[in-house]
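Going line by line, the protein sequences match chains L and S.
Residue 178 in my numbering sits at position 178 of the first sequence, and the numbers go up by one each step.
Residue 173 in my numbering sits at position 173 of the second sequence, and the numbers go up by one each step.
In case anyone wonders, no lab produced these hints; they're calculated from the structure.
Small disclaimer: the values here were computed from a predicted structure and weren't measured.
One should not assume that every hint holds.
As the list claims (entries may be wrong) - No farther apart than 30 Å at their CA atoms in a straight line, the calculated lysine-lysine pairs in the DSBU-like style are these:
hint, chain 1, residue 1, chain 2, residue 2
1, S, Lys134, S, Lys78
2, S, Lys122, L, Lys180
3, L, Lys18, L, Lys259
4, L, Lys30, L, Lys18
5, S, Lys134, S, Lys122
6, L, Lys66, S, Lys210
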Amino acid sequence: MNIRVIPRLDIKGPNLVKGIHLEGLRVLGKPEHFARFYYESGADELIYLDVVASLYERNSLHDIIKRTSREIFIPLTVGGGLRTIDDIRAVLRAGADKVAVNTAGIRRPDLITEAASRFGSSTILVSIEAIRHSDGRYEACTDNGRERTGIDPFEWAERAVDLGAGEIMVTSVDREGTGKGFDLELTRRIAESVDVPVIACGGAGAPDDVLAVVQEGRADAVALASILHYGCLRTIDESEFAAEGNVEFLTGRRTPFSKITPSALADVKRRLAEAGVECRPVEETGCA
Amino acid sequence: MPNTPRIAVVDYGMGNLYSVCHACRHVGLGAFVTGDPEEVFRAGAVILPGVGAFGDAMATLRSLGMVEALRNYAATGKLLFGICLGLQLLMERSYEFGEHEGLGLIPGEVVRFPDAVMGVRKIKVPQIGWNRVKEARPGAWVGTPLEPLRDGVYQYFVHSYIVRPALEDFVVARTVYGDVAFCSAAAAGNIFACQFHPERSGPQGIQIYKQFAALVSS
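In isolation and in its complexed conformation, chain L is listed as follows (with noise of 0.2 Å):
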């Protein structure tokens, strides 16, 4: 089994951000830009999260995945604010190859019975959110971790795959974007209770926390944001930054979390395989 390394891009208006635990949300560029930079450096999927998910900005979304799909030839989960199957329908006619949904899932579970029966299982992801609380109990969240549900993440789960999910998303809304690493405990517990695939998330800041969540945490995919962000911005031009705003942060080109070591693709790949955890090589991607 080769386990798949996903870049997230969190997507607000026409733009990539980065939100930072406790800060906000930074601009760091057009998602078009780092979508083509990932492809080309051996990504195996692609997540969009549109982390706004206001509908009077869904046009620019759709934009988004039309322009990515015709040129990027690897599978494209999109999420975030998907609320009913003809959410689902216009992402997937807009060239997602996936949908990711929390929030209305949790709401109206239905939903993803409905949406698995119209759209094939493995289109749907069920993405769930959890935080730890101090007596190291999860809870699952919605809306970055704004909203609590008093839902525990594990059953919810097992029930999310019943229900006909083809895949789990678990993001540890603690560990996002700290660099601290996965958290471990939650990636494995929901790993093991479920037949499907899960792609952890949340907390990476070098390749060795990447090899912990899959040889401890169990995860079969991981997706990899800021760790892998950072890393992209210093390739690039600083002057196709120079109309986006945010740019002392983008062109200072530092890391803003000392945690966060910046890493390409190969870097995680290499890791992965050196340690013997089967992944598919840079190398043989077919990218220059």
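Starting from the known structure of chain L, fit chain S onto it as the hints suggest.
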């Protein structure tokens, strides 16, 4: 590519046809999406894509009058390219949620992934991700869209069921998942089909479309 035949991408309401069309256009093939059996029968070449359940897919194909159209089309000797569920539909029958009759264009059946393990880990079904595609025997890829590719090339898979062609001759490529080796591409005469998604398999998937375009134009 001048005078390239138009490619009909069969639309029967199952799955994402857009990436298939984008890949066709990327290699210069004029592709159009159609659910009209008459257009399919008259097309220069046909792609049968698909994601979803076998039984639903056959029911829809039947209601569109597409089953006969595809059988008649295949009998003309023009190229038919099946992808993912499109490979499985070519078989005689499937055991996905009951037993269903398929198009029967390649003798064989569709079965669920047997329980398999890899080391201490039970493998996950569906298989979602990249895996190596290996030539079933020396020369098996000659004359197929796989011909220019290196043996063992990575392609992208999403599936819970696998095909078992009745004869070894129909098996073009094999892939190993956990400890299960399965048929990842099959061919019979003018029909070629693969379990993986070349349109989602990066530059090496696009190469398959390029070779398909070359075969269609020759």
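Verification of the supplied hints:
Between the alpha carbons of S/Lys134 and S/Lys78 the distance comes to roughly 26 Å, so the proposed pair stays at or under 30 Å and holds. For the given pair, S/Lys122 sits about 29 Å from L/Lys180 by alpha-carbon distance, which is consistent with the 30 Å threshold. Pair hint L/Lys18 plus L/Lys259 holds up; C-alpha atoms about 16 Å apart against a cutoff of 30 Å. Taking the CA atoms of L/Lys30 and L/Lys18, the gap is about 12 Å. The hint holds against a cut of 30 Å.
Taken as a hint, the S/Lys134 and S/Lys122 pair is honoured in the structure, with Cα atoms around 23 Å apart against an allowance of 30 Å. Between the alpha carbons of L/Lys66 and S/Lys210 the distance comes to roughly 22 Å, so the proposed pair stays at or under 30 Å and holds.
Comparing the model with each numbered hint stated earlier shows that all of them hold.
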